[in-house]
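**Student:** From first to last, the protein sequence lines stand for chains A and B.
To get this note's numbering, take the position in the first sequence, counting from 1, and add 99.
To get this note's numbering, take the position in the second sequence, counting from 1, and add 585.
For the record, the hints were derived by calculation from the structure and aren't laboratory data.
What you are looking at is a predicted structure, and each value in this text was computed from that prediction instead of being measured.
Among these hints, one or two may not hold up.
DEER-style ranges, computed between Cβ atoms [said to hold, decoys possible]: (1) B:854 - A:696: 54 to 62 Å; (2) B:860 - A:686: 34 to 42 Å; (3) A:278 - B:742: 53 to 61 Å.
Straight-line Cα separation of at most 20 Å, EDC-like style, residue types lysine to aspartate or glutamate; simulated pairs [as the list claims (entries may be wrong)]: (4) B:709 - A:508; (5) B:709 - B:663; (6) B:709 - A:500; (7) B:674 - B:646; (8) B:830 - B:813; (9) B:830 - B:599; (10) B:827 - B:599; (11) A:587 - A:574; (12) B:830 - B:646; (13) B:674 - B:656; (14) A:587 - A:550; (15) B:815 - A:231; (16) B:640 - B:825; (17) B:709 - A:497; (18) B:674 - B:691; (19) B:640 - B:599; (20) B:824 - B:813; (21) B:602 - B:834; (22) B:709 - A:513; (23) B:709 - A:512; (24) B:815 - A:182.
Beta carbons are placed, not taken as given, at the ideal position from N, Cα and C, and that holds for glycine.
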Amino acid sequence: MDGGSSRPRPEPTPGPDAWTDASLAAALFAVDPRGTGGIALRALPGPVRDQWLADCRGLLPADTIRRRIPLHVTEGRLLGGLDLAATIEAGRPVAELGLLSQSDGGVVELAMAERVGGATIAQLCAALDLGEVVLERDGLAMRLPARLGVLALDEGCEPDEAVAPALLDRLAFHVDLTPVSVHGVTDPPYPPETIAAARQRLALVGISDQGFDALCGTALALGIGSLRAPLYAVRVARIAAALGGRDQVDDQDLAAAARLVLAPRAQVFPVPDQPPDRQQDQTEPERQQDDQPHQAPESPDADESPETSRETRDQPLADLVLAAAQAAIPPHLLARLRLGTLRRSRGQATGKAGALRHASLRGRPAGVRRGDLRPGDRLNLIETLRAAAPWQRLRRAELRELGRRPRIEVRRDDFRIARYKHRSETTAIFVVDASGSSALHRLAEAKGAVELLLADCYVRRDRVALVAFRGQGAELLLPPTRSLVRTKRSLADLPGGGGTPLASGIELGLALAEGVKRRGGTPLLVLLTDGRANVARDGTGGRTRAAEEALTVARVVRAAGMAALLVDTSPHPAPQAQALAQAMGAVYLPLPHADANRLSAAVRATAGI
Amino acid sequence: MPIAFPFSAIVGQDEMKLALLIGAVDPRIGGVLVFGDRGTGKSTAVRALAALLPKIRAVVDCRYGCDPAAEPDALCADCRSRLAKGPLKSHQVQVPVVDLPLGATEDRVIGALDLELALTRGEKAFEPGLLARAHRGFLYIDEVNLLEDHLVDALLDVAASGENLVEREGLSVRHPARFVLIGSGNPEEGELRPQLLDRFGLSVEVRTPTDLETRVRVVRTRDSFEHDPKGFAEQWRRKDAKVRKGITDAQGRLASVDVSDEALGQAARLCMSLGTDGLRGELTLIRAARALAALQGSPAVTVPHLRRVAAPALRHRLRRDPLDETGSSARVERAVEELLV
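Whole structure, please, built from the sequences with the hints as guidance.
**Tutor:** Here it is as structure tokens:
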């Protein structure tokens with residue numbers, strides 16, 4: 100990106116620098132916070148982010164309500180609920196507004212957005228979708244307006260630390276300030292009066308049919324599935340026109356919308372499938388024409404020929420918009436798109452979300468539930484008293500009838516049990532190749548590793564299981580357990596030798612892993628093999644088919660998002676085993692003389708326990 | 586409440602729209618699960634349906650909206666005592682479509698003591714919850730896969746028995762709660778518990794359209810709706826009225842739609858070849874085909890009806906075969922191609 104530093108207005112090519120675009124996004128957001136959903140701002144705390152935030156706040160009208168949502172906000176605080184003090188004083192239910200309805204008409208800032216939990220994200224998304232908060236809590240049923248914009252402050256560093264996709268989808272702008280240095284920071288070229296004028300003008304701004312086509316076409320060419328993206332792009336184009344004092348969206352506005360809304364969402368690098376290089380009237384090297392999105396193979400039902408009327412469309416405009424978007428794809432994203440390593444809907448989101456479970460005793464507090472106090476539960480005293488408070492008048496009256504002296508009456512119904520969240524227990528499922536000559540050795544080491552894992556007191560809360568495969572099929576030797584005694588007994592005498600039904604082994608391991616996952620645990624598949632399969636799933640021999648089947652099952656493991664570790668036990672690292680690990684999405688570990696100590700260490704490292 | 590996007594203005598997503606209509610024609614089918622990509626208009630469709638449902642008759646002054654034509658034991662306690670005194674008075678009401686928002690507390694879902702009465706007059710009175718409000722209507726859970734476990738438990742219990750039992754502060758209340766569950770969600774956010782999955786009669790998968798024409802149409806209709814919701818809704822009022830009449834007519838025809846032994850046999854064979862567990866799949870398949878026939882005004886269930894509803898009725902009941910990479914939808918389609926000709 101070249102630094103054409105403080106350009107007054109952005110031009111389609113080459114793209115303005117990151118700071119200029121970030122300022123433009125702030126201005127566009129300030130014109131219509133609710134309509135644009137908001138901004139996901141990726142930046143570490145520092146002068147650049149502070150300056151941007153100050154600019155953004157300065158652009159919003161002075162009386163705009165701004166609220167900050169802390170990382171571990173409680174549901175009651177976010178949505179609202181019963182205001183206990185006021186309720187008791189007034190002698191009737193008094194509702195307390197939550198952060199979301201308090202911010203109606205304004206902006207909420209979401210701190211450390213990359214770490215915000217699923218429940219809070221879902222509440223925010225619901226508020227963004229409906230423009231209101233639907234409250235069904237503490238005996239209150241209300242719908243309260245909550246028309247707001249969100250500033251999600253993403254402080255993630257690693258690529259996989261990011262704002263939840265569900266929220267990202269609902270925020271028009273994804274701004275990345277990481278590449279901006281302090282020296283690139285300039286004053287925003289948008290005085291508040293311009294913003295106010297744009298707000299007035301916004302409802303009048305029109306957009307042409309070609310504009311719709313160009314934005315939708317660009318979104319499609321970039322492989323963006325969600326229809327919210329083009330919808331936001333249309334809105335942003337309108338706002339850009341209003342900001343520029345125009346009543347009709349022009350090319351610049353479309354280009355700005357494509358750059359700010361569509362480019363950061365790109366899933367594929369647009370590839371031309373018509374080779375003729377058309378005459379290029381601009382200096383930009385990669386002007387390309389989109390025709391078919393280079394989409395993931397998941398669109399078998401391409402309906403009736405949609406391409407027919409494409410030719411008649413205003414190609415230059417569509418090209419222009421696509422080129423603008425393309426030039427603005429962030430460099431790191433671009434690199435991954437070129438390598439084709441960006442997969443849509445990575446399983447990790449599900450994996451991590453599923454790994455958090457409610458448990459009754461350990462972990463981070465996660466609210467309360469009503470219920471009977473059973474041994475091992477922890478009573479949340481404050482919440483219990485809160486729950487009891489509104490009923491005191493009723494209960495005192497009852498007591499007086501019985502002739503007893505009134506006092507604070509806490510009953511079983513009030514009990515609020517603290518709920519905790521923790522990472523669920525890990526079940527390491529060993530799938531061991533018990534075929535051939537080295538079987539006995541491998542099995543013995545696997546056995547050793549299993550016992551070491553169990554013996555390790557820190558890990559004792561976790562469980563292990565063992566599957567062995569040899570001859571015609573796979574066998575579950577040890578169902579998930581945490582009992583050392585039982586393990587020793589069932590591992591005492593293990594058969595070895597025969598063919599290698601690798602696919603059957605992985606399949607059984609996967610079935611076991613899915614069972615663990617369904618019960619709320621986190622499975623880890625540990626496969627010990629040299630990757631040389633020679634028995635197919637139906638028990639017949641044949642290297643080629645056996646290997647193909649093994650790879651297929653391995654891909655299913657990856658698709659299911661299972662964490663896996665492949666330990667290559669062949670004397671020299673084997674290509675088959677590497678290929679298998681790749682197909683499984685597994686960590687590959689060549690360990691020719693798989694010794695129990697190193698093995699158990701590797702398992703612990705992979706499981707993060 | 587904000588103006589809902591008109592049902593008839595929804596572009597594409599035919600399977601989802603059909604499943605919702607079938608669910609509205611025959612509530613016994615047991616609800617619809619809409620699972621799919623982000624930004625495909627899942628919630629929009631459900632909220633649109635709510636605005637369009639035909640009215641029903643309910644007992645006057647009944648807090649649970651009891652059906653005046655119901656058997657006495659399907660009525661709430663109040664209505665039973667009313668019935669003892671004479672015939673029930675009834676009036677027309679809107680079919681309830683109740684939102685179960687995320688973060689709802691258990692007391693609001695299943696019902697609890699009336700807080701206001703307790704505070705102001707020191708009286709004990711039952712205040713019905715969302716389940717009571719949804720009786721004879723729809724209970725909509727957006728992001729159903731994010732619902733708290735203890736709420737899912739309560740929900741499953743009531744959905745299975747059709748009755749809600751609440752014990753609070755020595756007060757014991759039992760009331761009917763028969764509702765159609767509508768759930769929507771994004772599979773990437775988490776799986777659904779098999780028990781909950783099984784409660785849904787039909788399941789549809791929504792995908793974002795991949796052709797430009799449709800996508801442009803979606804964005805433009807949505808844009809003009811947002812520009813002027815009232816005017817837009819007015820434009821589509823007559824089309825929506827037609828859909829509404831379609832539902833009412835189909836409900837009237839439903840009982841007279843003939844299901845031949847041949848159709849039953851075909852449905853059974855299809856379920857057997859797919860290995861769908863239990864009778865629920867078969868029953869749902871037949872009921873959905875019958876509702877579809879009623880919607881289309883056909884006198885009997887025929888093969889095309891079965892073909893059309895096979896995937897939504899069965900795809901969430903298949904057992905997974907790890908080596909078969911084709912999704913469950915494709916497997917149902919394959920079986921349909923082989924068996925239903």
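**Student:** Now, for every hint given, state plainly whether the structure supports it.
**Tutor:** Hint check results:
no. : hint                      : result
1   : B:854 - A:696: 54 to 62 Å : holds (57 Å)
2   : B:860 - A:686: 34 to 42 Å : holds (35 Å)
3   : A:278 - B:742: 53 to 61 Å : holds (54 Å)
4   : B:709 - A:508             : holds (15 Å)
5   : B:709 - B:663             : holds (17 Å)
6   : B:709 - A:500             : holds (15 Å)
7   : B:674 - B:646             : holds (9 Å)
8   : B:830 - B:813             : violated (26 Å)
9   : B:830 - B:599             : holds (18 Å)
10  : B:827 - B:599             : holds (17 Å)
11  : A:587 - A:574             : holds (17 Å)
12  : B:830 - B:646             : violated (27 Å)
13  : B:674 - B:656             : holds (15 Å)
14  : A:587 - A:550             : holds (8 Å)
15  : B:815 - A:231             : holds (18 Å)
16  : B:640 - B:825             : holds (14 Å)
17  : B:709 - A:497             : holds (11 Å)
18  : B:674 - B:691             : violated (33 Å)
19  : B:640 - B:599             : violated (24 Å)
20  : B:824 - B:813             : holds (18 Å)
21  : B:602 - B:834             : holds (17 Å)
22  : B:709 - A:513             : holds (15 Å)
23  : B:709 - A:512             : holds (14 Å)
24  : B:815 - A:182             : violated (36 Å)
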